[in-house]
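Listed in order, the protein sequences are those of chains L and W.
Each residue of the first sequence is one higher than the one before, counting from 1 in this note's numbering.
Each residue of the second sequence is one higher than the one before, counting from 1 in this note's numbering.
Because the hints were derived from the structure by calculation, they are not lab data.
Keep in mind it's a predicted model, so treat the numbers as computed, not measured.
Some clues are possibly wrong.
Capping the alpha-carbon separation at 25 Å, the derived lysine-lysine pairs in DSS-like fashion look like this [claimed, not checked]:
#, chain 1, residue 1, chain 2, residue 2
1, W, 154, L, 18
2, W, 414, L, 17
3, L, 48, L, 114
4, L, 139, L, 42
Simulated restraints, written as ranges between beta carbons of each label pair [as the list claims (entries may be wrong)]:
#, chain 1, residue 1, chain 2, residue 2, range
5, L, 23, W, 149, 32 to 42 Å
6, W, 35, L, 13, 21 to 31 Å
7, L, 100, W, 35, 15 to 25 Å
8, L, 17, W, 36, 20 to 30 Å
9, W, 321, L, 106, 47 to 57 Å
10, L, 26, W, 245, 46 to 56 Å
11, W, 245, L, 53, 50 to 60 Å
Yeah, the Cβ is synthetic: ideal placement off N, Cα and C, and Gly gets one too.
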Amino acid sequence: MSDLRELYQEVILDHTKKPRNKRVIADATGQSHGVNPLCGDKATVYVKVEDGRVVDVSFDGQGCSISTASASMMTEAVRGKTAAEVETLFERFHALVTAPSDQAGQNAAPELGKLAVFSGVCEFPVRVKCASLPWHTLKAALTGDDAVSTE
Amino acid sequence: MSAPVPAPSVAPAGLALDVAALRAEFPVLRQRVHGKPLVFLDSAASAQKPQVVIDAERRCYEEYYANIHRGVHKLSQLSTEAYEGAREDVRRFIGAASTKEVIFTRGTTESINLVAQAWGRKNVGPGDEVLITALEHHSNIVPWQMLCEERHAKLKVAPIDDRGVVILEEFEKQLSVRTKMCAFSHVSNALGTVNPVKQMTAMAKKRGAVVLVDGAQAMPRIPLDVQDVGCDFYAFSGHKAYGPSGIGVLWGRRELLQAMPPWQGGGDMILSVSFGKTLYNELPYKFEAGTPNIAGGIALGAAIRWLESKGMERILAHEDAVLRYGTQQLLKVPGLTLVGTSPEKAGVLSFVLAGIHPHDIGQVLDAEGVAIRTGHHCAQPVMDRFGIPATARASLGVYNTNEDLDALVRALGKVREMFG
Ligand SMILES: Cc1ncc(COP(=O)(O)O)c(C=O)c1O
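Starting from the given sequences, assemble the full structure and let the hints guide the process.
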């Protein structure tokens, strides 16, 4: 069986216990609210875009360790990127967490950097939504949708 | 070939349940999960099946399967006999007056929808009210919402207290002469609360309301006599009662069922059809359009006879003892809060752990071979009432023992190791 430590890597547990950028951005240029009805997770993502680049990004809400760590690490990964770059990164991330489980982590795109620790998620299909909720929500915040659901 | 259905056997009185022997009747419980012995604590979602139920379904397909109610040939007669035999098993088990009152459905959800539509559309009008409680499963909320929206009626909700107990004074106050339907669960799947259904039914009937009881969780756990409860409709699912999924029951009072229009149209629910006029069949077939889950119904009969052979009083006593033991043990776990602390409880231990999301609890428990459910348990209003997004829920079946609860507590130790 897939070892639980593959899923709950130290970096993930660290971000769960000490989430980064968990705050409200008062002068955000975009924000969106995401829910995962399956487990009741709720996340609000705030972004501030200047000259086409993300200059600040944060999140707030209630979620499991995977969604909290994913949100926390996402806020660190997307700062300074354009909306198009964020979109590409999300695609890479999505491919990582939805890979066939026998290929877990094998084809992690180099630009994922630290986000590669989420490679274990693909072995736990019900957790894919947890990992991708913050990303869906960020994408919505960037495009001006104020709510998303993983359903 | 003989009739495929053996006579029901009644449990010897007094003796306690031999749980070790009973467990051995469940093939699925013998396995290991992730290298650990399976500890199955998710029977409120769906129960496992004993060998006799599996055999009943298999024998039907292997030995005498055919469509029912229409063939002159031998197999059709045997299938019909077995299917109708299961209806009699249900009637006897729930204490109904007649098999005409026992309608086979796909399950609790379909049973409630049948009443909301066939009875509700005819009897609930603008300004009327439907009263439910704050601890209902979505399947005892949404059909009434849909009905109320369509008929411009009002859905009212009786509140629960911090223990998850329906506040009876409030319940009574919300009843009025406009209350046409009062629907509540017998046992809550999210909290385990056992409602005083007889008392609540009496209160509602005094105001002239028709009463539906959602018995999905109660039917496999608590001895039942629908006539003693006094309600008008009682709904349950086969799969929570050690029988197959895709089969369930709506029991209804004959006068009410007779006065109701049919629900779905098709084969089996008619006496004669011409393009000018269709004559509907008698009860219960009026509400059973189309070919049903034949083998499933037969296997539900087997599940009911199996429950009777163990004895519902003994099942209740055993589950109650395990529930009490589990409650004590869980309360010793640091940071654990039980959600649902009614003095009258059955089957369910819902809880949260400080700082640890239920999803993560469930994931770590799974790796330890312990199967529980996490989430809102199709009762989002209950979660909102307690201000939580979700709970972890361990729920009991008749095969669970104190050792299973010990395994749960040990596994919760691992959860705290990882996330503490
Ligand atoms: C109290 C209660 N009511 C209704 C249902 C719905 O049952 P089914 O899904 O079998 O229709 C359930 C099942 O979870 C339940 O626990």
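Here is what the structure says about each hint:
For the suggested pair residue 154 (chain W) and residue 18 (chain L), the alpha carbons sit about 47 Å apart, so the restraint of at most 25 Å is broken. Distance restraint check for residue 414 (chain W) and residue 17 (chain L): the Cα-Cα separation of roughly 17 Å lies within the 25 Å cut-off, and the hinted pair is therefore satisfied. Of the pairs offered as hints, the one joining residue 48 (chain L) and residue 114 (chain L) holds, with about 23 Å between alpha carbons and a cut-off of 25 Å not exceeded. Pair hint residue 139 (chain L) plus residue 42 (chain L) holds up; C-alpha atoms about 15 Å apart against a cutoff of 25 Å.
Taken as a hint, the range 32 to 42 Å holds for the pair residue 23 (chain L) and residue 149 (chain W), whose Cβ atoms sit roughly 40 Å apart. The hinted range of 21 to 31 Å is satisfied by residue 35 (chain W) and residue 13 (chain L), whose Cβ atoms lie roughly 23 Å apart. For residue 100 (chain L) and residue 35 (chain W), the hinted distance range of 15 to 25 Å is satisfied, since their beta carbons lie about 23 Å from each other. For the pair residue 17 (chain L) and residue 36 (chain W), the beta carbons lie near 27 Å from each other, so the given range of 20 to 30 Å is met.
Roughly 51 Å separates the CB atoms of residue 321 (chain W) and residue 106 (chain L), a value that falls within the hinted 47 to 57 Å. Taking 46 to 56 Å as the suggested C-beta distance range, the pair residue 26 (chain L) and residue 245 (chain W) conforms, at roughly 51 Å. Taken as a hint, the range 50 to 60 Å holds for the pair residue 245 (chain W) and residue 53 (chain L), whose Cβ atoms sit roughly 53 Å apart.
Of the numbered hints listed earlier, the single one contradicted by the structure is hint 1.
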